[in-house]
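Keeping the supplied structure of chain A fixed, place chain B upon it in accordance with the hints.
Chains as they are written, first to last, in my numbering: chain A, 1 to 493; chain B, 1001 to 1307.
Just to be clear, a hint being listed does not mean it is correct.
Okay, the calculated beta carbon distance ranges per label pair [said to hold, decoys possible]:
1) THR147(A) x GLN1079(B): 56 to 64 Å
2) GLN365(A) x ASN1127(B): 43 to 51 Å
3) VAL1190(B) x MET117(A): 18 to 26 Å
4) GLU326(A) x VAL1190(B): 21 to 29 Å
5) ILE1281(B) x ARG61(A): 49 to 57 Å
Computed footprint of chain B on chain A, listed as stretches where at least three residues anywhere in the stretch have a Cβ under 8 Å from a Cβ of chain B [as the list claims (entries may be wrong)]:
6) 7 to 16
7) 103 to 109
8) 115 to 128
Source of the hints: derived by calculation from the structure; they are not laboratory data. Quick caveat: nothing in here was measured; it's all calculated off a predicted structure. Here a beta-carbon is modelled for each residue, glycine too, at the ideal position from N, C-alpha and C.
Here is what each chain is made of, one letter per residue.
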Amino acid sequence: MDTATNNPPVLEVRGLTKRFGGLTAVKNLNLDLRGGEIFGLIGPNGSGKSTAMKAIMGIERPSAGEVIFQGENVAGLPAHKIARKGFGMVFQHSRPLNRQTVLENIMVALLPDSLLMFFADKALTERAEWIANRVGLGAVMHRRPPTLPFADLRRLELAKAIARDPKVVLVDEPFAGLTLAEVGAFSELIRSFRDEGRAVLLVDHNVKSVAALVDRVLAMYLGEEIVTGRADEVMRNETVRRVYLGGAIETHARPETSFEDRVPFLQVENVSVFYGKAQALDNVSIHVHQGEFVSVVGLNGAGKTTLFNAISGFLPYSGEILRDGERLRGTSPARIARTGIVQCPESRELFGEMSVRENLDLGGQHLSDEDREKQLAWLFELFPILKERQGQMAQTLSGGEQQMLAIGRALMMQPKILILDEPTLGLAPVILEQLSKALERLRQTTQITVLLGEQNVTFALPHADRVYVLEHARIVWEGDPGRFAVEAGAGYL
Amino acid sequence: MLDFFKSRLFFVSLAVVIIAATLPLYVSGYVLGLLTVAYYFGVFAMAWDLLFGFAGEVNFGPTFLIGVGAYTAGILNNQYGWSVYLCILLGALASVIAGFVLALPALRVRGPYFGLTTLVAVLMLQNFVVVFADLTGGEIGLTIPDVISIDAGVNYWIALGFMTISAIVLYGLSQSPIGLVLQASGQDPVQAGALGFNIVKHKLAAFVVSAFFSGLSGALLVFYFGTASVGTVVDVAVGVNVIVAAVLGGRRTVLGAALGAIFLIVAGEFLRPTGELATFIVSAVALLVVLFFPGGFLGAALSREAR
Chain A
1 MDTATNNPPV LEVRGLTKRF GGLTAVKNLN LDLRGGEIFG LIGPNGSGKS TAMKAIMGIE
61 RPSAGEVIFQ GENVAGLPAH KIARKGFGMV FQHSRPLNRQ TVLENIMVAL LPDSLLMFFA
121 DKALTERAEW IANRVGLGAV MHRRPPTLPF ADLRRLELAK AIARDPKVVL VDEPFAGLTL
181 AEVGAFSELI RSFRDEGRAV LLVDHNVKSV AALVDRVLAM YLGEEIVTGR ADEVMRNETV
241 RRVYLGGAIE THARPETSFE DRVPFLQVEN VSVFYGKAQA LDNVSIHVHQ GEFVSVVGLN
301 GAGKTTLFNA ISGFLPYSGE ILRDGERLRG TSPARIARTG IVQCPESREL FGEMSVRENL
361 DLGGQHLSDE DREKQLAWLF ELFPILKERQ GQMAQTLSGG EQQMLAIGRA LMMQPKILIL
421 DEPTLGLAPV ILEQLSKALE RLRQTTQITV LLGEQNVTFA LPHADRVYVL EHARIVWEGD
481 PGRFAVEAGA GYL
Chain B
1001 MLDFFKSRLF FVSLAVVIIA ATLPLYVSGY VLGLLTVAYY FGVFAMAWDL LFGFAGEVNF
1061 GPTFLIGVGA YTAGILNNQY GWSVYLCILL GALASVIAGF VLALPALRVR GPYFGLTTLV
1121 AVLMLQNFVV VFADLTGGEI GLTIPDVISI DAGVNYWIAL GFMTISAIVL YGLSQSPIGL
1181 VLQASGQDPV QAGALGFNIV KHKLAAFVVS AFFSGLSGAL LVFYFGTASV GTVVDVAVGV
1241 NVIVAAVLGG RRTVLGAALG AIFLIVAGEF LRPTGELATF IVSAVALLVV LFFPGGFLGA
1301 ALSREAR
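Just chain B, with the same shape it has in the complex:
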């Protein structure tokens, strides 16, 4: 563990965070806004990688956890006008509970069925939002009266700070003894069981942690946007983006997932002048990376260092 503070990864990460923190002093509000969204996305992707990269469970429905957090926070603020921070906290809690309720039965089924269960959960949430339009704003979206701040710099710093803290917690967890047991369970559940580890308990814990950070990030995001809609926090396409970001950045690296997310969002924006082609180009790059560098950005970099 202490070795980490001497590793190159630590110094590089530290330098990146410090440079990122100074950005509001010299870049435009437009760039800051873009990066703010990218940072929240980074947390989605890191939380997802904890489940896939370590526990070995493919969660096809990251947006179920994100959406529950986002909409719970948004609805509470919209309906009762509770304070922003209370709503965000309750959103994260709702996501944890929803994640727990989903994962408890889902982890008992094996192989691809876990992934299918999570996918169905997203579709159900999406339908719920559309059907209960009075409460959720339906397809038009939910208007959220309060925002955390209207200052682009402040919003940016909150997102950066939140991503940094999430990264420390999630990366630390992945490198801790719990992370090791999770990896062992993901790789060979029978053997991990025979070594005396309750696999369901460990995977459930991973799911809950993943849900907490996804929900928290989702809630923060809607208070930044000032609106919650299916297209931004629930749609399957958003979930696919989260997954692509994590795989692009590097499976089992946690930190790579954040890089992947930032790349996806920023690249998508830069390519906006190409119109419809933007999505295509980003997807093609993602496909090439997955095919030729299955370790992702960070995986490729780290393995070069190891060599």
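Pulled out of the complex, with its shape left as it was, chain A reads as follows:
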């Protein structure tokens, strides 16, 4: 580390900016990366960190700024040229060639960008074998990817990224979907890249998960740098704490005993879900009482959306999900929604080319004209901005307005349970406050039951009666929001 700081940087990013239409995803980002250093690029969902990495790699063309690799500006070059200069990228999602063996998959990464290579030579095979052993795939190199466990597929991604001996290795969410034991093994591998003198750039959601691994961290929020420094410095930084944990949180929890239903309204019992080989939910049990506001807090990839999709009937699962004591398995998603479990998905899923009013009317389709008018009037009281925007096309709304519309449309279905999946995703703080107030009013003026999934703790805690913490597919904490910061908060920096 000390010797590393004296070297000139291998990679210098200066004023990197990426705009998508009117949205600025990355704003004037600066960072230096030295050989033999692991650098973390950290930020909550929608903060622009992944876009920044793609812009460095050339997958997204930067709108402005320089990416200087060993003195040469590579910004604006296509990805394949940047890769050939000495960059390797580890993708979060692996799509290997399923008809080829692991070894052949690694060999692909070693091939030259030439149309005249008709036969792979022996040296190439030997090099591929060496790499397979290097990342711990030695025992399975002659097998085909579909027969491998999830962690080995991630190893294959690492192998491909380092195949051509890159100077800079970019890693997108190194630990997504891995078990704790596997996280240890992968940390060791990434450290060994550093020890070979490579510069490693990690992108992840929170500081804690990579704190033990990184030399320096840059925390970003809404496309901009907040602070750069050692992991512990960054975790102590006031702004970082506010972004992740919020200030002093005032909670208004009602004790669980105050809810009168003897059998909880919604019960999720020992539910497990697999996506192929990756386990997304591991024996999860939660319950929600009638009229209760329950928050499920968890980082990206913890399994929140999977949990909600299982409840909504979109996914096959083991275990049981009961509403009012009745099993939901076998009920169609449409029927589940109609009978009162309404989900407002993370991706919002608005009908973009329909007006605000049409979106809301669709939500209230099953109501009589009179009831629909009444529900609409009530909704406009809750979200006055939607009344003003009635005639506007949904896709032209701002992010915050779109979120309000998504919630509004769900409310038009007169849900018994409203499931909100990451409503704060990518929204500015001022919008969060408006949403927060609306939720507060919802809680105070109606009997509605709410199940909220969030990684933004500031938003999830104030309204909650009870909180669950979901981590690596498991519920690891349950309790009163007032105790959260003390007992479980450290994981959210």
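Leaving out everything else, chain B in the frame of chain A:
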């Protein structure tokens, strides 16, 4: 690569080719004629599979490439009386150039738009043929003065030899490092780019190779028929048959595509007594195979061997 010469697929293919080569000694000219057409069709389907199965690009217009090759060769022979072999070669070259000009802009658009572009190209070619009837023979068809040979056996051997050579080249290419890069580009273009591969270059090369074999085969076919017409080498329905043949035989197998083509042509002929029903029956079989054996004939056979 060397493993291939020890694989069962190699010995089976070798045996099939040897048996096929002896057919003119004991089957009728009628059967030979049928198989000759089927073999040229087999090359169409193999060339198509290189694009779809490996580069991951659906070319809805295989007949654009075939038609350009066929008509260029035919028109040159008809207008100038140049030698058959020169015309065939120029036909293949014309197809390569046309393919390149079409693919260069088309590969820059993503997803279904590439396929739509190729489809429009077929319709344009079809219109061109009809409008410039003086040159192309229009809807009646173009008469071609020369033929390669009038002997059914010789024609058959040429078609078989041509299909065999095409199969060796196309299959070899698909199994070579270039084939691997093509597959990677087809499966995940972003990642292939990040691994340092110029995807457009590789896909363009695949398109050019596909165009060469399609055009060559198209040109050979018209010199066998002695006529070129929209209905035999340009029509969208012909293109659909090529696609069905490739999918039926097995995506990403190259060799399977030839099997599929031979099956389609031969089955169509055998069912001819059923009249209009023939097309229906063949289509129904194709549909069933696609629904229940998405790997196709060869895909199903190979996966059983792998297991």
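Results for each hint:
1. At roughly 59 Å, the beta-carbon separation of THR147(A) and GLN1079(B) lies within the given 56 to 64 Å, and the hint holds.
2. A hinted range of 43 to 51 Å for the beta carbons of GLN365(A) and ASN1127(B) is consistent with their spacing of about 47 Å.
3. Checked against the given bound of 18 to 26 Å, the beta carbons of VAL1190(B) and MET117(A), roughly 22 Å apart, stay inside it.
4. Separated by about 45 Å at the C-beta atoms, GLU326(A) and VAL1190(B) break the suggested range of 21 to 29 Å.
5. Against the hinted window of 49 to 57 Å, the Cβ-Cβ separation of ILE1281(B) and ARG61(A) comes to about 52 Å, which satisfies the hint.
6. Closer than 8 Å: that is the beta-carbon criterion, and the segment 7 to 16 of chain A has 0 residues meeting it against chain B, so the requirement of 3 is violated.
7. With 4 residues having a beta carbon nearer than 8 Å to a beta carbon of chain B, the segment 103 to 109 of chain A meets the requirement of three or more and the stated coverage holds.
8. Under a criterion of three residues with beta carbons nearer than 8 Å to beta carbons of chain B, the stated coverage of the segment 115 to 128 of chain A is upheld, 5 such residues being counted.
Hint compliance for this structure: hints 4 and 6 are not met, and every other hint is.
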